[in-house]
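> Hey, can you work out the whole structure from these sequences and the hints?
Line by line, the protein sequences are chains A and B. Per my numbering, the first sequence starts with residue 1, numbered consecutively. Per my numbering, the second sequence starts with residue 1, numbered consecutively.
Treat the hints as calculated values from the structure; they're not laboratory data. Watch out, some of these pointers could steer you wrong.
With a straight-line cut-off of 27 Å between C-alpha atoms, the simulated DSS-like cross-links for lysine-lysine are [to be verified]:
hint: 1; chain 1: B; residue 1: K232; chain 2: B; residue 2: K63
hint: 2; chain 1: B; residue 1: K597; chain 2: B; residue 2: K218
hint: 3; chain 1: A; residue 1: K190; chain 2: A; residue 2: K112
hint: 4; chain 1: B; residue 1: K7; chain 2: A; residue 2: K112
hint: 5; chain 1: B; residue 1: K618; chain 2: B; residue 2: K608
hint: 6; chain 1: A; residue 1: K135; chain 2: B; residue 2: K7
hint: 7; chain 1: B; residue 1: K421; chain 2: A; residue 2: K73
hint: 8; chain 1: A; residue 1: K120; chain 2: B; residue 2: K7
hint: 9; chain 1: B; residue 1: K3; chain 2: A; residue 2: K135
hint: 10; chain 1: B; residue 1: K608; chain 2: B; residue 2: K534
hint: 11; chain 1: B; residue 1: K246; chain 2: A; residue 2: K112
hint: 12; chain 1: B; residue 1: K421; chain 2: A; residue 2: K71
hint: 13; chain 1: A; residue 1: K115; chain 2: B; residue 2: K3
hint: 14; chain 1: B; residue 1: K248; chain 2: B; residue 2: K270
hint: 15; chain 1: B; residue 1: K110; chain 2: B; residue 2: K141
hint: 16; chain 1: B; residue 1: K63; chain 2: B; residue 2: K270
hint: 17; chain 1: A; residue 1: K121; chain 2: B; residue 2: K7
hint: 18; chain 1: B; residue 1: K246; chain 2: B; residue 2: K63
hint: 19; chain 1: B; residue 1: K3; chain 2: A; residue 2: K121
hint: 20; chain 1: B; residue 1: K597; chain 2: B; residue 2: K270
hint: 21; chain 1: B; residue 1: K15; chain 2: A; residue 2: K135
hint: 22; chain 1: B; residue 1: K175; chain 2: B; residue 2: K110
hint: 23; chain 1: B; residue 1: K584; chain 2: B; residue 2: K620
hint: 24; chain 1: B; residue 1: K528; chain 2: B; residue 2: K585
hint: 25; chain 1: B; residue 1: K207; chain 2: B; residue 2: K175
hint: 26; chain 1: B; residue 1: K597; chain 2: A; residue 2: K120
hint: 27; chain 1: B; residue 1: K175; chain 2: A; residue 2: K115
hint: 28; chain 1: B; residue 1: K3; chain 2: A; residue 2: K112
hint: 29; chain 1: B; residue 1: K608; chain 2: B; residue 2: K556
hint: 30; chain 1: B; residue 1: K217; chain 2: B; residue 2: K296
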Amino acid sequence: MIHTRNLTKIHRNGGVEQTILQNVNIDIEAGEFVCLLGPSGSGKTTLMNIFGLIDTPTSGDFLMMGYDVTKLKERQRINLRRGSIGNIFRNFGLIDELNVYENIELPLQYLKYNKQHRFKKVNSILEELNITHLKSYYTNQLNGLQQQLVGIGRAMVIDPDIILADEPTGCLNSSSGSTIMNTLNLINEKGTTIVMASHSANDAEKSQRIIQVFDGHIITENIKNRL
Amino acid sequence: MLKHHIKVALRNIRKQGFYSFLNILSLSVGITLSLLVLLLVKHELSYDKSFNQSESIYRVATKGILSSNFINSATSPMPLGDLMTKYDEVESVVRFVPGANNVVSNEDVKFNEEHFRFADASFFEIFDLDIIAGESESLLKSPNSVVLTKSAANKYFGEQNPIGKIITRANMNYKVTGICEDMPVTSHFKFNFLASISTIDAILLKKADTTYVQNWKKDWLYLNCYTYIKLKPTVESRSFEENFNKEKDALLLPQVKETLQSELSTDSIKLDFYLQPITDIHLHSHLTAELQPNSKPVYINLFIFIAVFILLTTCINFINLTTAKARRRFNEVALRQMVGAGRRQLVWQFLTEAILYSLSATFFGLVLLELLIPFFNFFFNLQLNFSILTGWIDFFWILMLVLFVSIMSGAFPAFFFSGLKPKHILQGNYRIKNNGLLVRGIFVCAQIAISIFLLIVVTGMWWQISYINQYNPGFDSKNIMVIERGGAIGKNYQNFKSDLLKINGIESVSACSSLPGDDYFQGTFKIKNGANEKVAVLPMNYVDRDYFTMLNLTLKTGRFLDEAEGDSLGILLNHTAITEYDIKKPLGQKIEVFGNKDFELNVVGVVKDFHFETYYEKIKPLALILMGEKMNFDYILVKLNAQHSVATSQLINETWKKYSESSPFEWQMLTTRLSNLYEEDIRIAKIISVFAILSLFMTILGIIALTAFITEYKSKDIGIKKVLGISRQSIILQIFSDFSLYIIIGVILSILPAFIALTAWIESYAYARFLNGFIFILDAVFVAGLAYLSVFYQSYRMASERPADSWQYK
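Here's what the structure looks like:
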């Protein structure tokens, strides 16, 4: 699903250069639930942005779903992202002006699904996540857990090949965090690849494989569940 | 997707509360104002365009030299019309002669009527007004027949059918043969009554013999009518003009030769005729004897400029207000991009929002326009009308305006937001670029500059208007009542005068034939100066002997005219006449009436110059002559003293009725009459004042928007500084110093154009006082002060926020 070789990312700001990622080699196969674990500033988010096709590496190879992503044009990258990648954010990333139903429906609108089709898909997601009763609520009427469930619902609704979750429990208490992790596990069990970034070892434990990142390097790979 | 965009936009408008309100208010006012100005421009440009093939209709004007006097008049001689009918190029010709202000009556219904014209039967071939009643083929063909406009018919006959009825004017009966619709408001002349031109023969025969009437109709040197022609569509007007000017010389020159021979004069007389497209008259023609005051193209340019400026300002304020709250939208844009929104979809989203804003603003704007139009028409003496339902063109232009405003104002936020990179926003390090700030600053500079410009221009206009109100005209106009149409008294003037003098409250009574603002009767004289002879065309005023003392004119030499001194052949000149014609010894100087060698006038005195015309004109030579006993005065002047009361006017009215056979009693104070001469300028000054105030309002909105944007732009820096303990004053001072540059540039940019515009306007006056330099500075300081005040309000709010608030989005 994701293969990187000697992936490097350097930020240039005037005369100052800062290496964010250095020689990152990662292989993530379809159906995996992988956690990138590391402290703040380790390069997790940059790596997630590159996986999410909203940032490009400075050098190195990056293959995603069989495409050499570094050679794709912006439009092709948008198209790839639009139908194949679901994003989950630390701060939930919901649009305030839209209610729960509309937030989940939004990606389908950009994918030009017809109304009936959207209705069917959104309702099935709402049922799956047990939030049908919240569908006409706005984000400011929801608690953190409910908001993140909506965020997950929006990522799932396009049936993505991969879900990228950037610290999905970062703004939640431990109980809500645990619920979110269980939900992600359930999604993964149905076959969706999940890549999660986190600095919580607790959350990381709930993934299948942990990749530790520090100062832009991959330090260790825990492959406990593979064995 | 469109439904989605509309839904989101509506929710955003609701959510942003105060900013949405400011935005819609600014857009509504902008749209209303520009629509008003565009209506005004449309009104001004539509003059005389409602007639069929109006582009082929021309007025024939006269230009030339008579002795040393230049003539450029809207009038032309009668025989020209006969000549025109002979050309194949001409489809039809009409001449008309304006009748004097006179009483028209239908039994007991009597009114003074100014717009009574005598016209050829071909009038309706050129000015194709609808004939509501009467047989259109026979209209104006027989003498003493008249066509009434619809409103005149209502005024005199109410519900009755006027056809075949008789109206009376100056002891002459006219049979009503037709009713036509009213002349469009946007025409360069008006009429309420149109009598057949052949009636003039009968009128003239009452006063003179048939030879005179024939001469009156054949005289090439007497500019006594207005001639209009309609050319065939393919005819080129310039070459036609050249042709007929060559041919008219064959007819005109023998008469010139004859006149010069009979006068033993060597002066040159040369008259040429030229064609004025009637559609150009309202804006471009300023000849003598215009049928009504015309406008100037500079006003149209000014109005178009104002409309464009208002629209641009509106758009810029919209952009500033929309993007000022950018932080709120950054995350939304990034998230949308993350879930698959392409640039095009984002552009459409923001454009939809802008269109929604414009549409709602247009709705409020149109309501405002509907409410304002009657007020505007009343206050500015306009006749604008506006209707979406009846005029699809209006509606089309409004749609265009909405689209223009939406696209102009929506395009920038749309491309601004859609061009954002999600990774930057998500990393929290996105900042609005400095160059954006520069562009916004330039626009706000322009707004400030234009506000100051308008304020200076309008102050300058009022400055001049107040100057002319206070200017000493050289005569005393206080407490003088002017009774119009004094001719109604007829030969009983002296009796009327002595009756009036018996009324308590009246100091003196006098009369004259012209007052400032009138076209003076021009007399042609021969002035002998040693061996030299000069032909002089002098404006003349026939007066009564008390005229001089009533107006308190100053004598330079000699004495005032007086019948008791045997001055029926006496003439009084003003000082300019003496200098202009180089009369060394004016007293006793003989002045011969041109064309009548036996008729000589004797100069008895010279008066100090006074303004017998408006302040637009330099003082010209003037001749004052006593009115003969058989002649009628146009105005009766009554000087009131301190004892006058309401009863005085009632008694004057009763005396008037007794002598004038119940003619309408119309009067006004001379001071009012004089200040009304500048009505058009006052009207324009009022309009520009309103625009200056509204432009100031828009500028303040613009400054609020830009300050909102600047505080947004600086919010992070300010937050950090606050954490470090900077004082509120320092923060406000910092924002002030950022803003000062725009204000100072705005001030500098405005001064010179305001000076140039005001100079151009003031040049139309021969007597003017230019705005004091101090006022220039005061205007600039006033606008700058208002600008600082609105900056202060916002920067104070920002400086008072807690540091955490400044960072909450980071």
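> Hint compliance check: list the failing hint numbers for this structure, sorted ascending.
Structure breaks hints 11, 26, 27 and 30.
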